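Asks: These are the residues of each chain, in order.
Protein chains: 2
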Amino acid sequence: MSLTNLSRRVALGIDIGGTNTKFGVVNHRGEVLEKGGLRTDEYQKVEDFIDALSDSVQPLIEKYGTAENFDGIGVGIPNGNYYTGTIEQAANLPWKGIVPFGEMMKAKFNMRCTITNDANAAALGEMLFGAARGMKDFIMITLGTGVGSGIVANGNLIYGHDGFAGELGHTIVKPGGRKHWSTGSEGSLEAYASATGIAITAKKMRAEFPSSMLNQYPEDAINSKTVYECAVKEDPIAIEVFRYTGQKLGEALANFVMFSSPEAILLFGGVIKAGDFILKPTKLHMERNLFPIFRNKVRLVFSELDEADAAILGASALVLGSMK
Amino acid sequence: MSLTNLSRRVALGIDIGGTNTKFGVVNHRGEVLEKGGLRTDEYQKVEDFIDALSDSVQPLIEKYGTAENFDGIGVGIPNGNYYTGTIEQAANLPWKGIVPFGEMMKAKFNMRCTITNDANAAALGEMLFGAARGMKDFIMITLGTGVGSGIVANGNLIYGHDGFAGELGHTIVKPGGRKHWSTGSEGSLEAYASATGIAITAKKMRAEFPSSMLNQYPEDAINSKTVYECAVKEDPIAIEVFRYTGQKLGEALANFVMFSSPEAILLFGGVIKAGDFILKPTKLHMERNLFPIFRNKVRLVFSELDEADAAILGASALVLGSMK
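Protein sequences appear in the order of chains A and B.
Numbered per UniProt numbering, the first sequence spans residues 1 to 324.
Numbered per UniProt numbering, the second sequence spans residues 1 to 324.
Don't read these hints as lab results, they were simulated from the structure.
These figures come from a predicted structure and were not determined experimentally.
Misleading hints may appear alongside valid ones.
[Stated by the list, open to error] Calculated cross-link-like contacts (lysine-lysine; reagent style DSS-like; alpha-carbon spacing at most 27 Å):
no.: 1; chain 1: B; residue 1: 96; chain 2: A; residue 2: 174
no.: 2; chain 1: B; residue 1: 174; chain 2: A; residue 2: 174
no.: 3; chain 1: B; residue 1: 179; chain 2: A; residue 2: 174
no.: 4; chain 1: B; residue 1: 136; chain 2: A; residue 2: 179
no.: 5; chain 1: B; residue 1: 136; chain 2: A; residue 2: 174
no.: 6; chain 1: A; residue 1: 297; chain 2: B; residue 2: 297
no.: 7; chain 1: B; residue 1: 203; chain 2: A; residue 2: 233
no.: 8; chain 1: A; residue 1: 283; chain 2: B; residue 2: 179
no.: 9; chain 1: B; residue 1: 179; chain 2: A; residue 2: 297
no.: 10; chain 1: B; residue 1: 35; chain 2: A; residue 2: 174
no.: 11; chain 1: B; residue 1: 96; chain 2: A; residue 2: 179
no.: 12; chain 1: A; residue 1: 96; chain 2: B; residue 2: 203
no.: 13; chain 1: A; residue 1: 136; chain 2: B; residue 2: 179
no.: 14; chain 1: A; residue 1: 179; chain 2: B; residue 2: 283
no.: 15; chain 1: A; residue 1: 280; chain 2: B; residue 2: 45
no.: 16; chain 1: B; residue 1: 136; chain 2: A; residue 2: 283
no.: 17; chain 1: B; residue 1: 203; chain 2: A; residue 2: 174
no.: 18; chain 1: B; residue 1: 204; chain 2: A; residue 2: 297
no.: 19; chain 1: A; residue 1: 179; chain 2: B; residue 2: 297
no.: 20; chain 1: A; residue 1: 203; chain 2: B; residue 2: 174
no.: 21; chain 1: B; residue 1: 297; chain 2: A; residue 2: 204
no.: 22; chain 1: B; residue 1: 179; chain 2: A; residue 2: 280
[As the list claims (entries may be wrong)] Partial list, derived from the structure: chain B residues whose beta carbon lies under 10 Å from chain A:
no.: 23; residue: 89
no.: 24; residue: 162
no.: 25; residue: 170
no.: 26; residue: 171
no.: 27; residue: 174
no.: 28; residue: 199
no.: 29; residue: 200
no.: 30; residue: 251
no.: 31; residue: 289
Glycine included, each C-beta is placed from N, C-alpha and C at the ideal position.
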């Protein structure tokens with residue numbers, strides 16, 4: 001295939017979340033040429049969702065010629081299984097059980113369709129187009145409502161024997177610690193380092209310290225954004241919320257480093273807007289818990305991708321990155 | 001290369017420990033055709049060690065023809081770096097700093113020489129000749145004086161960006177927990193699940209329970225073997241020592257599973273002689289701490305390799321497994 005042809009080829013990247021679905025046409029330089037979206041939660045039947053998706057996407061495909069011009073469709077979706085193309089027991093999606101999503105998409109669009117979970121897709125996006133370009137060993141941690149992860153070793157995503165590797169948000173950082181609101185596990189990373197976890201920490205700490213600025217907000221306004229606002233205004237309790245979160249995150253990252261010895265750990269998601277308030281304690285506690293040969297080697301980096309496009313880029317990287 | 005030729009080809013496997021070095025000639029079926037050994041700790045200079053090794057090994061090489069008949073030399077050695085062929089800052093070896101061991105061996109033996117740490121070599125040995133045959137995703141945990149590990153994903157050992165991936169013995173299972181006698185870290189897996197850690201646990205527990213059979217032994221006779229003897233005689237404290245150890249190990253394994261989702265975890269080393277006393281609580285606490293999609297999927301398996309030959313087989317697998 002000539003370079004001229006390659007430059008005209010594109011992929012469809014689709015990011016499916018519990019509430020919204022975003023899609024876009026992406027070229028080999030990582031430019032999002034077109035984008036659009038639809039609600040996920042309006043479709044109780046997966047068939048209806050795929051029909052609606054097709055109605056929205058078909059005009060874009062026609063704009064770029066035919067399905068022939070597409071390298072394929074990449075889909076990032078919770079509990080998406082790379083090996084089988086199925087979605088399995090996804091708690092936050094309307095479609096229950098095991099859904100043969102990849103096959104259904106292929107039949108509808110007449111293109112190959114590769115799926116994986118959203119955090120794995122994000123890691124691929126960073127490797128192709130973002131802060132992980134040129135890296136063969138890195139770990140991507142997404143800090144949003146939950147904590148997701150994608151692990152790249154020897155230049156490949158680790159999928160594990162069943163396609164579900166890289167659920168680092170569910171690893172236990174404090175045995176017997178905070179009970180997870182949904183899984184019931186005690187002391188998982190997600191229970192502390194997600195936006196949800198930070199809100200819980202903030203609510204506990206402001207109750208202990210009535211003088212904290214955090215007490216000026218109503219209960220439902222306490223989130224990582226308002227904690228950040230108070231931290232900027234030098235409220236010591238708000239700063240302590242991020243320090244504590246960073247400690248738990250840093251302790252977890254140290255264990256991850258001793259597993260796969262990555263060149264860098266990439267952080268992505270709403271929580272990283274707290275900047276140094278969370279980055280500094282995270283780095284401190286990661287280093288402190290590392291076996292000496294790993295110290296001062298691993299870079300802690302924020303994602304470089306535009307947050308609005310990152311999910312689409314990551315999904316498209318699933319097929320753009322694997323061209324034969 | 002014809003199969004006939006292949007069947008005549010062999011490799012030299014060398015396992016270098018702080019005290020002893022073992023070596024052997026291994027064929028492609030994993031048969032140890034010849035073996036021998038020397039003391040490691042008698043040679044303060046690495047050059048003298050390599051000279052002595054050469055004197056012992058040369059007769060074996062001549063027996064199998066010439067260096068031409070050998071696929072190469074594989075070396076398992078603490079802190080051995082697969083990428084650079086160097087030994088780096090190995091606490092238990094007489095040779096300090098960064099030693100260009102692979103280059104020195106190549107110059108001496110006129111064969112390619114591949115090195116890695118002993119636990120990685122053990123994992124390769126299991127993949128080629130042992131309980132992990134046919135597996136593409138598994139984790140090997142060696143439970144001896146220390147706790148080592150080798151991680152295989154997508155059919156390849158994970159070396160990480162610097163060659164030092166897979167130091168799972170140093171991951172923290174109990175933040176702020178037992179201080180490690182050598183590294184100073186608090187609450188590492190090695191501090192609990194190594195033979196050394198088990199002896200510490202046993203000494204603490206027998207002091208609390210004067211009626212325990214463990215109190216019939218002198219202090220320096222308390223080790224995983226004597227604890228096992230008491231457990232077999234149904235001493236509840238000895239049984240509790242293994243239960244507690246298995247709990248810590250199981251909690252750690254759960255985190256490892258959520259990292260790389262292996263098909264199996266292989267356990268190897270002196271500690272596994274405790275059999276079900278340690279295996280059952282390990283399995284229980286692993287499953288209990290797993291995110292549901294991982295439950296009842298991962299096999300916990302004991303190594304199948306003869307312990308006396310395993311290290312040599314593992315080292316030879318470094319070159320037998322990578323024939324081009």
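Asks: Mind listing which of the numbered hints don't hold for this structure, in increasing order?
Replies: 1, 4, 5, 6, 7, 10, 11, 12, 13, 15, 16, 18, 21, 28, 29
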